[in-house]
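*Asks:* If you want the building blocks of each chain, they are given just below.
2 protein chains.
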Amino acid sequence: MMVEALDLVEKLRIRPGEQIRLSDRDPRDKCGLAAKEEAEALTRTCAQEIDTLQDHLYAEGRRALLVILQGTDTSGKDGTIRGVFNATGPLGVSVTAFRQPSEIELAHDYLWRVHAVCPRRGTIGIFNRSHYEEVLVAKVRGFAPKEEIEQRYEQINAFEKILVENGTTILKFMLHISKDEQAERLQERLDNPEKHWKFSAGDLDDRKHWDEFQEAYEIMLNRCSTPWAPWHVIPADRKWVRNAAIASIVKATLEAMDPRYPEVSWNPADFKIP
Amino acid sequence: MMVEALDLVEKLRIRPGEQIRLSDRDPRDKCGLAAKEEAEALTRTCAQEIDTLQDHLYAEGRRALLVILQGTDTSGKDGTIRGVFNATGPLGVSVTAFRQPSEIELAHDYLWRVHAVCPRRGTIGIFNRSHYEEVLVAKVRGFAPKEEIEQRYEQINAFEKILVENGTTILKFMLHISKDEQAERLQERLDNPEKHWKFSAGDLDDRKHWDEFQEAYEIMLNRCSTPWAPWHVIPADRKWVRNAAIASIVKATLEAMDPRYPEVSWNPADFKIP
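As given, the protein sequences belong to chains A and B, one line each in that order. Positions 1 to 274 (UniProt numbering) are the ones given, in order, by the first sequence. Positions 1 to 274 (UniProt numbering) are the ones given, in order, by the second sequence.
For reference, chain A alone in the conformation it holds in the complex (with noise of 0.2 Å):
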């Protein structure tokens, strides 16, 4: 029995005004998924249907889609991207990693560099880690002050709804791992010579704040999940449910949002081929 994409939005969705507990939510969630193989067969039926609607958004021109990827280390942001946007290729998809911010970015606002990179009309963008950051680890390490970061939430809400009040439509995703298994996958790093690569030994030590973090998320979503802009948790301590999940409601997105072949106002009749 197949999951309906739009079911999956409605359980995952978080609604404006809402206030939800991430404890409250399982991990472990199966989201109706009956079993592994049945999870992969939809993302994969998803992933081709994204690179179909992705083909006539670009040929479209006018509206982008952004994606905005949120989690924990570990939580499967690199692993999401292959799984969900393998089959839509590069073309007319960008995917930015947001890392330490350089001087030059530190020099401007903290949204200066994030709408540099949204992305252009008839794209995809994908966001691995975002401004989100200034509301999550800046929160936690202290790398702000108190006031400038109770100031964001609303001014991120402001910035969004200028992005989609010109043509953007945006869907942001937090990964939701248990502590549980971000130790298994840590270990995994350890473990695992070709995984060695991706170990860093900060991400144990903001594993020692695991509980501001998870505070840290649930403000962020109960404030910032927007009509305009939502929020959605979801399951990520297994990858195909994650996988199938965000693979269902970015179709349904996409299907939603109904990109179509431009009409032209030339008569090919008028043209002849020197």
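No lab work stands behind these hints: they were computed from the structure. One or more of the hints may lead you astray.
Said to hold, decoys possible - Examples of chain A residues lying across from chain B (beta carbon under 8 Å, computed):
no.: 1; residue: Ala59
no.: 2; residue: Leu190
no.: 3; residue: Glu194
Every residue gets a Cβ at the ideal spot worked out from N, C-alpha and C, and that includes glycine.
Use these hints to put chain B onto chain A, whose structure you have.
*Replies:* Frame of chain A, contents of chain B only:
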């Protein structure tokens, strides 16, 4: 019998100093590929290997690959990106389409906007058109004085050498189609409503300058195929030959780069997950 990638490199690469005539190169050449099915299987195999090698390149994080695609309208630049790089996905691969320069871009030297979007270490960058337009359309249409255009060949060689010496491998592909094939593809854009958006009356105008463009391409190939950044002339009337040839050369190049998972200086046993 499978065509070997190295044979294709040898056959299609312009040797530095060589003076080729484009009219000696058959756009319908099959490059030793017997049939479409064989070529498509080769492309798929190469695409999978490119995907794996790209993962290693990303993990290594020290070098980049820049793939430059040039060719007249309808020569298949977008189709090449779809056909060769779709299995690679958007993670660690960026595509830049060069359009009419903006006012800000025109206020700088012509390589300024190009340098800004060169691929970061660990990634593959694909240029759909490139700085070579500055010795192609700029030459044919007279967008710059002859003396300036004359200087650009050496400037471009010097610019590319800087990139190469700093860790970027460069592959340049000219998609070579016949005038008849272009007529068919332009007609298809007029006949098929789903392709109307790709049609531009300017393409017909460029077609009237076909011979001048071919000459400009020939000069470009002869003056800018360097030991550090070689040009390849790809027979592109048949899409399956085009894709198989480019996929083979990209795969062989990445294999020769031999990207590796980085060695780490720390001892995994020294870390305990808190």
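*Asks:* Which of the numbered hints are not met once you compare them with the structure shown?
*Replies:* Nothing - there is no hint that the structure violates, so all of them hold.
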